[in-house]
Amino acid sequence: MIRLVNVSAGYQAKPVFTHLDLEIAEGQFAGIVGPTGTGKTTLLKTILGSHIPHAGNVLVQGQPIKKIPPGTIGYVPQLETVDWQFPVTAEQVVLMGLFASRTYWPWPTKLEKQKVYTLAEKLGIKDILHHHIRDLSGGQQQRIFLARALISNPRLLVLDEPTSGVDMKTQHDVLHLLGHLNEEGITILITTHDLNAVASHLPWVICFNKTIIAQGRPEDVFNQEVLSQTYGGDLGVVKHDGHLLIVHNPHTH
Amino acid sequence: MEAFLEPFSFEFFRHGMIAAVMVGALCGLIGVFIVLRGMSYIGHGLSHAAFGGAVLGYVINLNFYVGAGLAGFLAAVLINQLSKGKKIKSDAAIGIVTTAFFALGVALISRVRQFTQSFDAALFGNILGVTAVDLLIIAAVLIVTVLAVFFLYKPLLFSTFDNEAAQVFGIRTELVQLAFSLLLAMSIIASMNIVGVTMIAAVLVIPSSTARMLTDSFSKMLFISTGLGALMGIVGMYSSYQFDAASGATIVLFGAVMFCSVLLFNFIKNKLAAHEHMHSHGGIMHSHPHDHDGDHAHDHGDHKHSHDTHTHSHGGYEHTHEHDESHVPHKHHEHKKP
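Sequence lines, in order, name chains U and S.
Just so it is clear: in the first sequence, position 130 is 130 by this note's numbering, and no numbers are missing.
Count along the second sequence from 1, add 1000, and you get the number used in this note's numbering.
Bear in mind the hints are in silico, worked out from the structure with no lab data behind them.
Each residue gets a CB set at the ideal place from its N, CA and C atoms; glycine is no exception.
Any given hint could turn out to be false.
[As the list claims (entries may be wrong)] Covered stretches of chain S (in silico footprint by chain U; criterion: 3 or more residues with CB under 8 Å from a CB of chain U, positions within the stretch not fixed): (1) 1145 to 1158; (2) 1197 to 1207.
[What the hints assert, rightly or not] EDC-like, lysine to aspartate or glutamate: derived pairs with alpha carbons at most 20 Å apart: (3) S/Lys1087 with S/Glu1164; (4) U/Lys66 with S/Glu1164; (5) U/Lys67 with S/Glu1164; (6) U/Lys66 with S/Glu1174; (7) S/Lys1084 with S/Glu1174; (8) S/Lys1220 with U/Asp220.
Take these sequences, add in the hints, and give me the full structure.
See below:
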């Protein structure tokens, strides 16, 4: 689904990562984890085509990102980057996912409205569609932006930090929902800081710190050595009740 | 009534009034995107750049609109390119590019002093001397802008809300940005002689900021802002005649009054909507303004609770009571030790 070949990217002359190779198979549900400022978001933006790499090839479904038809990729930005005072309702935000269609009429068609309601019902947000986005809870906001990403029936769904800024129950609900969508055949790629959420919900993890440190199933990848290389040595791994828990190690500084 | 209608018997006033209404509506419409994109300073900057271009155009025998238009568009493109990098932010780019163009105009005027008078209208706005050609140009720009906003509504809305996401979703954001820069430059140049370079930023920002306070809907904001802009033009132009003051100044002054009135109206409305009475959270009695829903639920920022049956704390005792909309008298009390 996603293939990066020898990709180098950064800002002006400063590279964030160089000569990166990465492949994410169709149907995968993968999470990129790593410390802040180590290139996770740059990597995500490079895959999305909103950041032009210095060198290398980025292919989605075997094609350069510029040639991908609109609607192939669904994207959910970090909630912190959204202007919550912007004068739009939840329904208008969801409809934006269809704005790339080559129709110039400003009003949504009956079919488009029907699509919104069907999807809203599935995601449990039907009753809040006419609310201003500012008036929604964190979980509802996340679902609205998820609906915008899903309304064009994308094959690939990319989410930047979907678990940040929401409570633990919402985190669980969002990841659970993503799991269901993945079972329906959508390839999903997320970035997150929440290692425990990744360990308990995601089948595939990529540990990233300016390069790929390791990737694989969380139970194979999350170990002292990999976490030490990724985060610098102050994280430990414990197994409790069959669950993997990532904890801060108070004895290392 | 006759005294009221008297200025309309003059052709120059009728021309000025028509121009002011169209310019007000035009700036109100385009101003919505400027305010929501957080680029209020760009109107100020581009009008200054266009002024420099107009003076340069005059020196090399170019039409006023051609010189101003080329400079305005060139400045918009330069600002866009400069602010693409991380090191120079857009406000700095606007400051550098547009002031340089303006300085060029000022330098040319001070060197060739005999044509200084011709640019007073461009600097401060003037109802005198609005020609039929001016009216046609303003009308053409207004029609083009309305059509562009209608047919580019979706990409303009999406890229204004979240430019990066719009690009990922397949909107050609570079083209949208280019089209918007062109519309903005055209609008500023068409408005320059009526409102004046020094006042244009306010005419772009005041109607849309006022409209934003009146609605939470983007499409309604477009209509309200356009209407308020036209109203600013009518009242401002009429006051300009009555008080014999520069039209740009009277249009902006009326706009400021309008903005402050809506601000005050919203303040009073919010005060009346907020409700204050004693209640308790975590055992601490206090009062502060808060909103009530129909079922008397309280919204305290991070949580809601209902007052139909509600646990209060008085003097170390917690008790549950039911009460009506006015809170007194309490209908039922259940006391228990905390």
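> Quick check: which numbered hints come out false for this structure?
Replying inline: 2, 8
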